[in-house]
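Chains as they are written, first to last, in numbering that gives the first Met the number 0: chain A, 0 to 261; chain B, 0 to 258.
Honestly, the hints are just simulated from the structure, not real lab data.
Among the hints, erroneous ones may be present.
Calculated cross-link-like contacts (lysine-lysine; reagent style DSS-like; alpha-carbon spacing at most 27 Å) [stated by the list, open to error]:
hint, chain 1, residue 1, chain 2, residue 2
1, A, Lys104, B, Lys163
2, B, Lys168, A, Lys97
3, A, Lys135, B, Lys168
4, A, Lys104, B, Lys168
5, A, Lys97, B, Lys163
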Amino acid sequence: MRDDVMLRVEGLNKVFDSGNRRVEALSDVSLEIRKSEFVMIVGPSGCGKTTLINIISGLESATSGSVLLDGRQVSGPGADRGMVFQGYSLFPWLTVQKNVEFGLKMKGLPTGERRDIAARYIELVGLKGFENALPKQLSGGMKQRVAIARTLANEPEILLMDEPFGALDAQTRVVMQELLADISRRTNTTILFITHDIDEAVLLGDRVYVMSRRPGRIREVLTVDLPEPRNHHCLVMAEFQQIKSHIMEMLWQESSDAAMDK
Amino acid sequence: MKNKRIDTTRLLSLICFCLIILLWCLASYSGSVSEIFLPTPTAVVEKIIAMAKDGSLWANCWESISRVMIGWLWSVVVALPMGMLMANSKKFSAFVQPIIEFARYLPVVALVPLTLLYLGIGENQKYTIIFLGTFFQLVLMVCDTVSGVDRNMINAARTLGASKFQVYKEVILPASLPGLMDDLRLTIGWAWTYLVVAEMVAANNGLGYMILKSQRYLATDTIFAGLILIGLIGLITDWVFRILTRLVAPWYERLADGK
Ligand SMILES: Nc1ncnc2c1ncn2[C@@H]1O[C@H](COP(=O)(O)OP(=O)(O)O)[C@@H](O)[C@H]1O
Ligand SMILES: [Mg+2]
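In isolation and in its complexed conformation, chain A is listed as follows (with noise of 0.2 Å):
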């Protein structure tokens, strides 16, 4: 047991029971993840990613098991578990500004305060000058960016990100796997991310869990060891291959057993 343990998940398991249907989504899932550890999840679709994180946000309940922050048990969303989605989940009648400060609005701080945090985090994802743009004049990127502002503007204790990136073009998703490494560098920021993507997996992750198909299990975890600052480069890196590929045998042998089930 270390004591700098920001998040740990104890033996999770999710039933969906909707009358005739009965969907096991996860199955024991344990994990643990360090003060300004960034953490990866990755998995095939379908393998119950969304709903771990959902459990974790607090947006969704467990069948069983446990979700301790700081050793303190969770239950329902709050503020201390920031969350990204994958569909930004912007406000549209707000501007950027009032986006990033929504949070800091719901706690009660007076606008002043609230208008210099925004502008700081505003600032981090690289939105200065476009204080006063409504979500529709930005791009998918963009949009992104704003919602990773108005998530690190509440200074939550936990990053919780949902494939973020998984509806940008190739390139744009690269620039904000960088920035997103960069943040986490500098701010320190306890993060935990999950996708189907086993590049990012491998290139963000200081950690990266691999999870069964459905109901998903933990399968392994792997530590990457790769040179800071974490950037394009290192995707030709030969510790990145190697890593890369033993995560894409491991999903394979899963999509072959799931294709000798049928």
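Chain A is fixed; fit chain B with the ligands onto it per the hints.
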């Protein structure tokens, strides 16, 4: 690109409008349709001008407009909170849904005899007809609009620390505003139709009454004038609502406006 497309749609609407006028002119001025059935555009315009001069135009329009507004506002005032409550409480929804679903399939015309029996031929009967015609639909529309707010947006607000009340005030209300404006715009249109129904049954002023009375004297020009006025007023309200929607929710992008 976008502007060009809007221009073409405008042009098409205009062409359709002109075609109808053209057909009307052809049929009436050529004398192929008797004046008793189809008055000439000139006769109708002259009639409207005459009514404007003797004041009956304004009086009738005003009567009709004020009836629509009062009946419809009553329906809005009750339907808005009720629809919102339905969207947020399964229990309340289960309680009222059956009766609303039942009532909204009752044709308002079929309720006219009862309203006359209970309320007589006064103004309250007119308001009631308009209320009954719009209320049950509006409640369900409001409920649909409010429950249709993007779940992801609500989830985002909750993970940002918003309480249930804050989610309602800061997310659900602003997000459903444009949809609610659309609901209001549609129901006020229906209110117009029900008003004419009410005025044709029992009234001694208003546009519906004017049309009914003209039938007795075979004054087709007045009937056409009445129809055109009703159509115009409807068009203007619709237009005002669209502008209002753009004013209160400038961020809103209608799906049809997209690329
Ligand atoms: N609310 C729900 N009701 C029933 N089944 C669900 C629900 N949410 C997710 N599932 C099922 O659980 C499984 C895992 O879904 P999800 O967590 O979204 O996977 P991933 O994010 O890894 O693609 C899928 O088979 C999905 O159909
Ligand atoms: Mg998912």
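Hints versus structure:
Proximity of Lys104 of chain A to Lys163 of chain B is assessed by CA-CA distance (about 14 Å); at most 27 Å being required, the pair is judged to hold. Restraint check for Lys168 of chain B and Lys97 of chain A: the C-alpha separation of about 15 Å stays at or below 27 Å, so the hint holds. With a C-alpha separation of about 22 Å, the suggested pairing of Lys135 of chain A with Lys168 of chain B holds against the 27 Å cut-off. Under the criterion of a C-alpha separation no larger than 27 Å, the hint pairing Lys104 of chain A with Lys168 of chain B is consistent with the structure, at around 12 Å.
Under the criterion of a C-alpha separation no larger than 27 Å, the hint pairing Lys97 of chain A with Lys163 of chain B is consistent with the structure, at around 20 Å.
When held up to the earlier numbered hints, the structure conflicts with none and fits them all.
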